[in-house]
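There are 2 protein chains.
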Amino acid sequence: MTFAGGEKEGLEGFIDRVASSSPAPGGGSVSAACGALAGALSSMVCRLTIGRKKFKEVEDELKGVLEKAEEIKKQMEEFIVKDAESFDRVMDAMKLPKYTDEEKEKRNLVVQEATKGAITVPLQVMEKGLLAIKLSQIVVEKGNPNMLSDAGVSALTAKTAVDGAYYNVRINLNSIEDQDFVTSTKEKADALKGEAMLLSQEIERKVEEKLTQTQ
Amino acid sequence: MTFAGGEKEGLEGFIDRVASSSPAPGGGSVSAACGALAGALSSMVCRLTIGRKKFKEVEDELKGVLEKAEEIKKQMEEFIVKDAESFDRVMDAMKLPKYTDEEKEKRNLVVQEATKGAITVPLQVMEKGLLAIKLSQIVVEKGNPNMLSDAGVSALTAKTAVDGAYYNVRINLNSIEDQDFVTSTKEKADALKGEAMLLSQEIERKVEEKLTQTQ
Numbered sequence: 073m074t075f076a077g078g079e080k081e082g083l084e085g086f087i088d089r090v091a092s093s094s095p096a097p098g099g100g101s102v103s104a105a106c107g108a109l110a111g112a113l114s115s116m117v118c119r120l121t122i123g124r125k126k127f128k129e130v131e132d133e134l135k136g137v138l139e140k141a142e143e144i145k146k147q148m149e150e151f152i153v154k155d156a157e158s159f160d161r162v163m164d165a166m167k168l169p170k171y172t173d174e175e176k177e178k179r180n181l182v183v184q185e186a187t188k189g190a191i192t193v194p195l196q197v198m199e200k201g202l203l204a205i206k207l208s209q210i211v212v213e214k215g216n217p218n219m220l221s222d223a224g225v226s227a228l229t230a231k232t233a234v235d236g237a238y239y240n241v242r243i244n245l246n247s248i249e250d251q252d253f254v255t256s257t258k259e260k261a262d263a264l265k266g267e268a269m270l271l272s273q274e275i276e277r278k279v280e281e282k283l284t285q286t287q
Numbered sequence: 073m074t075f076a077g078g079e080k081e082g083l084e085g086f087i088d089r090v091a092s093s094s095p096a097p098g099g100g101s102v103s104a105a106c107g108a109l110a111g112a113l114s115s116m117v118c119r120l121t122i123g124r125k126k127f128k129e130v131e132d133e134l135k136g137v138l139e140k141a142e143e144i145k146k147q148m149e150e151f152i153v154k155d156a157e158s159f160d161r162v163m164d165a166m167k168l169p170k171y172t173d174e175e176k177e178k179r180n181l182v183v184q185e186a187t188k189g190a191i192t193v194p195l196q197v198m199e200k201g202l203l204a205i206k207l208s209q210i211v212v213e214k215g216n217p218n219m220l221s222d223a224g225v226s227a228l229t230a231k232t233a234v235d236g237a238y239y240n241v242r243i244n245l246n247s248i249e250d251q252d253f254v255t256s257t258k259e260k261a262d263a264l265k266g267e268a269m270l271l272s273q274e275i276e277r278k279v280e281e282k283l284t285q286t287q
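Each protein sequence line maps, in turn, to chains X and R.
Position in the first sequence counted from 1, then plus 72, gives you the numbering used here.
Position in the second sequence counted from 1, then plus 72, gives you the numbering used here.
Note that these hints are calculated values from the structure, not bench results.
Among the hints, a few may not be true.
No copy is singled out in the list; a pair is fine if it fits within one copy or between any two copies.
Unchecked claim - 25 Å max Cα-Cα, derived SDA-like pairs, lysine to any residue: (1) Lys206 - Lys282; (2) Lys125 - Leu181; (3) Lys178 - Arg119; (4) Lys265 - Asn218; (5) Lys167 - Lys178; (6) Lys146 - Gly82; (7) Lys282 - Leu195; (8) Lys258 - Ile122; (9) Lys170 - Val130; (10) Lys278 - Glu150; (11) Lys178 - Gln196; (12) Lys214 - Glu143; (13) Lys260 - Gln273; (14) Lys146 - Ala96; (15) Lys126 - Asp252; (16) Lys167 - Thr192; (17) Lys126 - Thr255; (18) Lys282 - Asp160; (19) Lys126 - Ala165; (20) Lys140 - Met166; (21) Lys258 - Phe127; (22) Lys282 - Asp88; (23) Lys146 - Asn180; (24) Lys126 - Ser247; (25) Lys170 - Leu181; (26) Lys188 - Ile248; (27) Lys178 - Asp262; (28) Lys126 - Leu195; (29) Lys178 - Gly136.
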């Protein structure tokens with residue numbers, strides 16, 4: 073991951089930047105990072121299932137899952153950076169002058185547009201996160217059972233990506249004046265969150281069932 | 073984060089190693105990483121609350137939270153590495169010779185001990201993760217409300233650390249022969265998971281309430 077400075081940073085470097093007194097990267101980027109980790113874990117389970125005689129029957133399906141999981145990982149990695157960038161754009165807009173009425177009006181327009189942009193990113197994280205949950209459901213059910221806990225953690229991190237991004241959509245919606253945008257976006261986010269919850273409950277039951285069976 | 077090679081790796085580097093066909097780092101390390109991110113997000117909210125006149129009343133309490141959150145972040149970062157190491161030790165034990173009865177017996181003893189070690193790490197991640205949930209509850213309730221979504225994501229990632237580590241405890245318990253160890257460890261893990269669930273539900277309700285109030 074290269075950032076503004078162009079320098080490679082460690083995992084600890086990212087965690088430290090989250091912890092710092094700079095508001096970005098914050099919960100939005102962390103949600104996307106959870107989504108990337110979900111994709112990565114599903115990828116790993118696929119790789120440790122594909123090519124083994126025992127799992128020949130599911131090989132083709134898991135090859136498809138692997139491809140999609142890798143794509144989600146890549147997209148989520150982009151969202152980690154995009155979320156921080158879109159936050160910075162809102163901050164920049166806030167710094168515009170507001171002495172005259174004209175300036176105030178212009179500033180407000182730019183802030184509103186930037187905030188809508190800051191909502192687009194977590195909404196995409198929610199969509200891709202839901203897809204990541206669906207992939208993890210397949211690897212929980214059909215992946216190498218030795219990797220059951222990894223498949224389960226993939227589902228958990230994907231769910232966290234969805235729920236974390238949901239909070240980011242909601243808090244930004246509170247600053248939006250365009251009520252049609254607020255209503256339609258909240259409906260969309262609520263629907264994604266609801267679907268993610270139902271799927272996650274199913275997956276959790278399945279993981280628990282398999283953990284108990286293999287005792 | 074420095075690993076065996078001694079080289080610093082990027083966040084993408086860690087995510088790629090999770091995705092690779094090597095089983096470690098896997099879900100155990102990812103759970104610990106979620107715990108570290110939870111600590112980092114609570115730290116950030118504290119830093120953006122402390123020192124502001126408006127939040128003078130909670131300053132002392134949040135200074136205490138900041139200190140504990142930083143400690144959790146550091147401990148969880150250590151668990152990211154320790155989890156992968158303890159997995160490698162189990163793999164090494166599995167490679168011991170098993171031609172004679174004596175060898176078989178010795179190998180089994182070493183495998184059992186290594187597996188118990190691989191359970192200790194996620195059990196600690198669960199304990200620290202529960203503490204991280206408690207800290208995030210304070211920052212949700214008393215932190216700078218502009219950072220409400222960050223505080224909420226802190227709670228979500230802390231919960232994922234607990235639940236993800238739980239799966240790792242459970243899957244490893246399935247290989248343990250010492251039934252007293254299995255029973256007592258499962259009881260402990262179930263209790264931690266149950267407490268984490270109740271607290272997380274409370275926090276989610278509180279975040280939702282605050283998101284709605286500030287509309």
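Would you pick out the hints that fail for this structure and give their numbers low to high? 2, 3, 8, 9, 10, 11, 15, 17, 20, 21, 22, 23, 27, 28 and 29
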